[in-house]
Amino acid sequence: MAAGAGSRVSGLLRRFQPQLARPMSSGAHGEEGSARMWKALTYFVALPGVAVSMLNVFLKSQHGEHERPEFVAYPHLRIRSKPFPWGDGNHTLFHNTHVNPLPTGYEDD
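Heads up: take any position in the sequence shown, counting from 1, add 2, and you land on our numbering.
Treat the hints as calculated values from the structure; they're not laboratory data. Where hints are given, some of them may not hold.
Ranges of calculated distance between the beta carbons of each label pair, as one might list FRET restraints [to be verified]:
1) E34 to F86: 27 to 33 Å
2) L104 to A42: 50 to 56 Å
3) G35 to H78: 54 to 60 Å
4) M56 to I81: 36 to 42 Å
5) G66 to R38: 25 to 31 Å
6) K62 to R82: 28 to 34 Å
7) H78 to K41: 17 to 23 Å
8) E34 to N102: 51 to 57 Å
9) H65 to N102: 16 to 22 Å
Where is the CB? At the ideal position from N, CA and C, for every residue including glycine.
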């Protein structure tokens, strides 16, 4: 009885195997124009996107120095429960003295 059920299951799997495997192959979607489509997307979408991003960065860098915000010592920000394991323990790893204040305020004020 179990051998008969096993042969029926294997027969069903063999019968449906080509249909299950076919949609997962890349040939099922048509490869005729896919290379041309990706080439067109590269030239007409990706490269103009990179160019617009570069223009945006260039124009933003031309504005010069911006004014930093006034320091307000909120109690929930810049909490130091233990010192950082580098430097003096009070500065973050990528600390910028112009932008990042310490818990007591900006360094150059």
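Structure versus earlier hints - violations, ascending order | Structure breaks hints 1, 5, 7.
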